[in-house]
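Combine both chains into one complex, guided by the hints.
Chains G and C supply the protein sequences, listed in that same order. Each step along the first sequence adds one to the number in our numbering, with nothing skipped, and position 268 is 268. Each step along the second sequence adds one to the number in our numbering, with nothing skipped, and position 296 is 296.
Read the hints as simulated data drawn from the structure, not as lab findings. It should be emphasised that the depicted structure is a prediction, and the values quoted were computed from it without experimental measurement. Accuracy of the hints is not assured; some may be wrong.
Unchecked claim - Which residues of chain G face chain C? A partial, calculated answer using Cβ under 10 Å:
1. P35
2. P44
3. T49
4. Q55
5. N258
6. P259
7. I423
8. A425
What the hints assert, rightly or not - Keeping only pairs whose Cα atoms sit at most 16 Å apart, straight-line, the calculated EDC-like set for lysine to aspartate or glutamate is:
9. K58/C / D91/G
10. K58/C / D143/G
11. K219/G / D251/G
12. K67/C / D34/G
13. K58/C / E100/C
14. K26/G / E295/G
15. K26/G / E39/G
16. K319/G / E295/G
17. K318/C / E346/C
Unchecked claim - If you want a taste of the chain C side facing chain G, the calculated C-beta under 10 Å gives, among others:
18. G430
19. I431
20. Y432
Each residue gets a CB set at the ideal place from its N, CA and C atoms; glycine is no exception.
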Amino acid sequence: MTQAVNAPAVSAERNPFVQMQRRFDKAADFLELDPGLREILVTPYQEMTVSIPVQMDNGSLRVFKGYRVQHSIARGPAKGGIRYAPDVNLDEVRALAAWMTWKCAVVNVPFGGGKGGVICDPRRMSVNELERMTRRYTSSLLDILGPERDVPAPDMNTGEREMAWLMDTYSMHKRATCTAIVTGKPVGLGGSLGRTEATGLGVAYIVREALAHTGLPAKGCRVVIQGSGNVGGFAAHFLQEMGHKIIAMSDMYGGIVNPNGLDVAKVRAYLKEKGSFEGYPEADPVSNEEMLLLECDVLVPAATENQITSENAERIHAKVIVEGANGPTTASADAILERRGVFVVPDILANAGGVTVSYFEWVQDRMGYFWEKDDVFQREERVLVEAFASVAAAAKKHQTSPRIAAYCVAVDRVAYCLKMRGIYA
Amino acid sequence: MLESKSANRTSEHQAPTPALDPDDPFSSMMERFDEAAALLGLAPDNYLVLREPDHEFKFAIPVTDEKGRVLVLDGYRVRHNLSLGPCLGGLRLDADLKREELRALAAWTTWKCAALGIPFGGAMGGVNFDPRGRDPRVVESVVRRYTAGLMDLIGPDRDVLIPDLHCNEQIMAWCLDTYSMHVRHTVNAVVLGKPAGLGGTHGQHWAIGRGVRVLMERRLAEMNFTGKARVVVQGAGRVGSQVLREVAAAGHRIVAAGDAGAAVHNAQGLDVDALLAHRERSGSLAGFAGGDALSSSELLETECDVLIPAALSRQITKENAGRLRTRLLVEAANAPTTKNADQILEERGIPVVPDLLGNSGALIIAYFEWVQNRMGYNWTTDQVDERLTRRVLESYERARKVAGLHKTGLRLAACMIGVERVAYFDQLRGIYA
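Looking at chain C on its own, in the form it has when it is part of the complex (with noise of 0.2 Å):
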C-alpha cells in the first residue's frame, strides 16, 4: 500500500529525537534532562515527578493476516506529562519497536513542547508491525484496532496523534475515522497531519523549512553577515526538499545537496526544483546533470557559508567536525550532531542552531493545525506564515536569552526553558489527591 508518493515522503516522518543510546534509550535521554535540571537547580520532588512517565499502556491488538491467521500484535501509548495540556505524541509503526525508546520520545516531546510555548504535553505510541510491503487491508486493521484499543486515552483535549515511523496521511485519516466512530461525530483534531480536505492546514509542506530558513537569516544577520549564502543541504526527502525549496526560494545559493544515495555540486547553485524533480523521477539525486557529483563525506565538508543536516541523526561526529568549512550549522535533522562534535564546532567557533528549533516548525504546524480544527476555521496562508515565523523567532530569542544567563549553548539553553517550564506548572498545579 505504501508504495508510490505517499511512501517516500513516510519513512521519513522521524521523531523528535535526541541523540538516543540505542541500548538504553532512556536513560541517555535522561542525561540531558539531568544536566538542564541541575543548572536549574530543580527540587528534588520536581525532579521525580518528571522523570516518570504518567502512563504506560500496552495492549493486545488481535488481526486477521493475509492468509487469514491471527496474530496478536502489542501496542502502546506512554504519556509522559499532563500537566501543560492534552498529550502530543507520534504513532510509530516499527517492526522492532522498543518500549524505552517510546519513553525517551514521550519525555523528549514534552520539554520540546514546553520549549517552544506549544500547550502539550509529550506522548509516544505505536505498535510492533512495519506496514511496509503488507496487505492494504491489514494494515487498516492494526491501525484501526489500534486506535479502538486507545479511546480511552486519546482525544482532542487528551492525547492527540501525530504521524511518526511509517506513518503517512492514510494512516492518520483511519486514525480519524475510527475515533469518530466510536463517539459518533467527526473529530479531526484527535489525529494531526491530515490531508488538506479532511482538517489540513496551510504550511503541512513548507513549515518546517520556513522554521529553517527565518532561523538561519537571524543567526547570520547577527553575525553581521550580509547578502545571500551558500548553503549546503544533506538530505532531499519529505524535511530536505522542504529545506531546498525554503532557502532557494529566497535567493540564496545551494551549493551542494545530497540523500542517501549520492550528492552533487555546483559553486553557482543547484536548480533546486530540476533536482527535485530528478529526484523524484530517478529515486535518488544519482545521476544529476546541473552539477558534479560529490561522495557523503565530502558534501559535509564543501564550503558554504550554512551547513543544514536534514537527513538523519549523528553525521557531524568527532571525526569531521574539524573539517567542515561553513560559518553556521542549522540542525533541521533530529540530533545530526554528537556530544563530541558539539564540543570541537564550539572551539572552533562555528555557531549551532539546535534541532529542538531548527524543527520546530514539524511541532508548530502540528499545534495550529489543532487550533483550526478546534475552531473550525481555518486561517490563511499568510496568517500561519505570520504566526509561525513569529513563534520560531521568539523561542530563539528565549533560548538566546537563557544561554546568556546560564552561560550554556543554545542546546542545553533550548531544553532548560522546556524542563523549567513544566516544572513550575506541575508545582503549581500541585499533587492530586
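Bound conformation, chain G alone (with noise of 0.2 Å):
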C-alpha cells in the first residue's frame, strides 16, 4: 500500500508548504510573535487519515486512503475543499488547510482553516463508486465534522454533486436533515446565489480596490486574465461591466489575446461552445507564459499555481497583479516585483471572495432564510472593500508588501483569539 505522507519531491519554490511557511514567517516576524504562539500556529490542530474501502461497480474492493486536516479552530469551525486526485499527500493538505486559515482571518469571516482530500483518480471512477467513496469517506469523519466544528466545501474534482451527497450522508447519521454541514452545494438544497460567481466578482471587487488605491484609473483599464473557469470568466465579465477593456484570456491549453479588448460574452460562448479557443476569429492566439508577459495595467492569474516564478517576473509588464488563482506567485518572485514596485494583491485577500460567500451560505443555512442575490453580492462587496482596507493599512504599519500585510492581519487575529482563548487544560 502506499503511504503517500511526504510531499512529492518538487523544488522549495514550488512546495506549497515551504510558500505558506515563508510568508507566515515574515509576518510573525513583523508582528513579534510569542514563540508559542508561534509554534501553535504552525502545528496543525488535528489531522485524520482514514481508510475507505469500497465496493467497485466489478464487484472488487477498493481501500482508498483519505484525509481531512483542521489547521486552526481558533476562530471557529473549520472550513475549507475537499480534493479527488491521485496525488494528494497528507503535506500538500496541511499546507492548503493553513491557508484556509488565514484566508479566512483576513476576511474576517468566523472560521478557521481545514482541508481534506482523498488519493484516487476520479476520472477512472464510475458516477457509483465516486459516490460509495464520498459517503464512506464522509461516514468516517462523522466525529470531526459537523456545522459547528468543520464544514468543507468543493475543491479539485469535487463540486455541487459531491457536496449533496456529503450532506445526505452526515444528514442521514444525524437523523436530520442538516444543510449547514457543508457549502458548496445546490442552489435549492441549501446552496446560496450568487456562490458561483462569488470568487470572480470578489476578484473584480478588489481590482476595482486596487486600481484606487495605486491612483489608476477606475475605468479603460487593459486586462489580462490568465484562466478562463469559474474564477477567470466571471472575473472578465464584471470588470468589462466595470468598463475595463480585456485584452487576453486564456484556459489551460493556450489563450488568445487582442489590444483592442475582446467580447468577453462572445468568447466565452465560443469556449462553451468549441471547448477550446482554438479558431476564435477576432483575435491572436498567445501561450500561457507568453500572455504573462504582454503590456497590461492588471494582470489576473487565474488558473493555476506558480506561475510568476523568478525567471519571469523581471519581464511582467502589469502595473497591478490580482491573484485569482491559488499560490501563483513563488515567494521568490515576491521580492522581485516588489523591488519593481508592482502591486500584488495575494490570493488570500484577491480570491477569497469564495469563501465569504461560503460564509454567506453556511450563515443562511443556519437560519433558514435565503437572501437574494443582490444582497449576496452587496454582503461580498462590504466584506472585501474592508478586507483589503485593512490590508493596506498593515501594509502602510509595516512598510512592507500587500502580501504579508494580509498574513499579518491573519496572524494576528487568529494570534488574538488564541491568547484570549488561552491553554485548555
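What follows is the structure, given as C-alpha cells:
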C-alpha cells in the first residue's frame, strides 16, 4: 500500500507548504509573535487519516486513503475544501489547511482553516463508485465534522454533486437534515445564490480597490486574465461590466489576445461551444507563458499555482497583479515584484470572495432563510472592501508588501483569539 | 512524579508486541499476518481491509512547561479495526513515539483480542513525551489535553484506553476524570487498569501470573509430567513478580530468577517473598542472600522443567536456543523468542506456549474490568479467577486444535484464530456505504 504522507519531490520554490511557511514567518517576525503562539500556529490542530473501503462496480474491493486536516479552530469551525486526486498527500493537505486559516482571517469570517482529500483518480471511477467513496469518507469523518466543527467545501475534482452526497450522508447519520455541514451545495438544497460567481466577482471588486489605491483610472484599464473558468471567466465578465478592456484570456491549452479588447460574452460563448479558444476569429493566439508578459495595467492570474516565478518576474509589465488563483506567485518572485514596484494583491485576499460567500451559505443554512442574489453580492462587496482596507493599513504600518501585510492581518487575528482563549487543560 | 512504587510498575507496562523490526515495525508485524492469511486462504478483499488501520488520528497538544514556555506535542490514536466491538489499546508516553509502531501494535491487538474471544478491536495511541522526571502538573496537563483531544473518538463503547509504556494508575485516573468532566458524569469504563476504588477489578495484580501458571500446568500434564516443577523466571517487575508469586504459591520450586541487574540460583527453591522484599528494598536482586549469584546468560541456561521469560523481548535467540536445558518454555514477556530460535526449539522438541496465550491474562483482566464497569457490579475474586482460568484454557485448546489441523506451531495457530475471526465478521458485516 502506498503511504503518500510525504510531499512529492518538488523544488522548494514550488512546494506549497514551504511557500506558505516563508510568508507566515515574515509576518510573524513583523508582529514579534510570542514563540509559543508561533509553535501552535505552525502545528495543525488535528489530522485524521482514514481507510475507505469501496465496493467497485466490477465487484472487487478497493481501499482508498483519505485525509482531513483541521489547521486551526481558534476563530470558529474549520473551513476548507475536499479534493480528489491521485497525488493528494498529507503535506499538501496540511499546507492548504493552514492557507484557509489565513484566508478566513483576512476577510474576517468566523472560521478556522481545514482541508481534506482522497487519493484516487476520479476520471477512472464511475459515478456510483465516486458516490460510495464520498459517502464512506464522510461517515469515517463523522466524529470530527459538523456545522459548528468543520465545514467542507468543493475543491479540485469535487463539486455540487459531491457536496450533496456529503450532506445527505451526514444528515442520515444525524437523523435530521443538516444543510450547514457543507457549502457549495446546489441552490435549492441549501446552496446560496451568487456562489458560482462569488470568486470572480470578488476578484473584480479587489481590482477596483487596487486601482483606486494605486491611483490608476477606474475605467478603461487593459486587463490580462490567465484562465477563463469559474474565477477567470466571471472576473472578465464583471471587469468588462466595470468598463475595463479585457485584452487576453486563456484556458489550460493556451489563450487569445486582442489589444483592442475582447468581447467577453462572445469569448465565453465560443469557449462553451467549442471547448477551446482555437480558431476564435477576433484575436490572435498566445501561450499561457507569453500572456503573462503582455503590455497591460492589470494582470489576473486565475488558473493555477507557480506561474509567476523568479524566472519571469523581471519581465512582467503589469502595474497591478490580482491573484485569482491560489499560489500563482512564488515567494522568490515576490521579492522581485516588490523591488519593481508592482502592486500585488495576494491570493488570500484576492480570491477570498469564494470563502466569503461560503460563509454566507452557512449563515443562510443556519437561519433557514435565503437572501436574494443582490443581497449576497452587496454583502460580499462590503466584506472585501473592508478586508482590502485593513490589509492596506497594515502594509502602511509595517512598510511591507500587501502580501505580507495580509498575512500580518490574518496571523494577528488568529493569534489574538488564541491568546484570549488560552490553553485548555 | 513517577518515582516511588508506581514508577517501577509503570515502566513495565509493555505493549502486547510481536518482535518488531525497529526500522519498519508495521511491515514486520504484517509478515506474520500475511503468513496466517495465506494459510487461511483469506479472500483478497478481506485482506485489503485488514491490512490498513481504519483511522489514524494525529493532533496537537499545546502545554505550558515547567518554565512557562508553550510546547506543542504530538498526540496520536490509531484504530485498526472496529468490526468486533469497541477498540481497546494502550496509551504510551514515550519521547520517541513512532507512528509506524503504533500502527503495528494496534493491528496486533486486533488479532490478539480476537484470538482470546474478547469483543474488542485493536487500537494504540500516545504522546511524544516522557513523563519520567517531569513536573506532575505538566504531566497532568499533557494527559488531560490528550484525553480532551480524543473526546470524539474514545468512549466505553467506542475506544477504551489501557496503560502502556510509562503510564500508571494516576495517569489513567486523570484520563478518566477528564473524560467524565466532558460528558458530565463519571464514566469509568473508558479507561482500564484503574485503581481498585475507581472501578478497578480483582485480579489486576495477579491475572498474568495466573494465566502463566495455569497454562504451564496444562502443558506439563499433556507431557505426562506429574508432580511439582522446577521453574526458572527471567524478570521480577510487574509481570515477573506476578509469575514468581503465583508459581511458588502453587507449590512449584523456583530454582532461579533474575532481573535486569542480577540473577540468583538455589536448587532447593528460592524464597520468593524474601526475594521480592529484597528487590523492593534495594531495587535489584543483586546481593540476595538466599541463593548463589548467576550471570544473566547462565540464568536462561539453568537446568529446569519450565523456563518463563517475563521481562524483555528478544531474549531467546539462535545463539542460546541450543543451550537451553528446559522441558518447556512459557512466554510471559512479549516476543521473548526470535524467529530463528523458534525453529531451533522446534527441532529440539521443546514445546513453547507463545506470548499471545502466555500473557493473555493482561487483556482478559482488562476485558473483565470493562464488563464490571458497565454493569456497575463487581465480581468476587473467585469469580474472576474461575472466569479467567476458563478463558485462558479455552483459548489454549482452540489454538492446539488449529495447530493440529494446519500442522503449524501454536504461535502461528493462535494468530490464525485471530485473523480468521476478524475476517469472518468483517465480511459478515459487509462494506458500509
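Structure-based check of all given hints:
| no. | hint | verdict |
| --- | --- | --- |
| 1 | P35 | 7 Å, holds |
| 2 | P44 | 7 Å, holds |
| 3 | T49 | 4 Å, holds |
| 4 | Q55 | 5 Å, holds |
| 5 | N258 | 51 Å, violated |
| 6 | P259 | 53 Å, violated |
| 7 | I423 | 5 Å, holds |
| 8 | A425 | 4 Å, holds |
| 9 | K58/C / D91/G | 13 Å, holds |
| 10 | K58/C / D143/G | 14 Å, holds |
| 11 | K219/G / D251/G | 25 Å, violated |
| 12 | K67/C / D34/G | 15 Å, holds |
| 13 | K58/C / E100/C | 13 Å, holds |
| 14 | K26/G / E295/G | 31 Å, violated |
| 15 | K26/G / E39/G | 14 Å, holds |
| 16 | K319/G / E295/G | 10 Å, holds |
| 17 | K318/C / E346/C | 12 Å, holds |
| 18 | G430 | 9 Å, holds |
| 19 | I431 | 5 Å, holds |
| 20 | Y432 | 6 Å, holds |
Taken one by one, the earlier hints fail for this structure at numbers 5, 6, 11 and 14, listed in ascending order.
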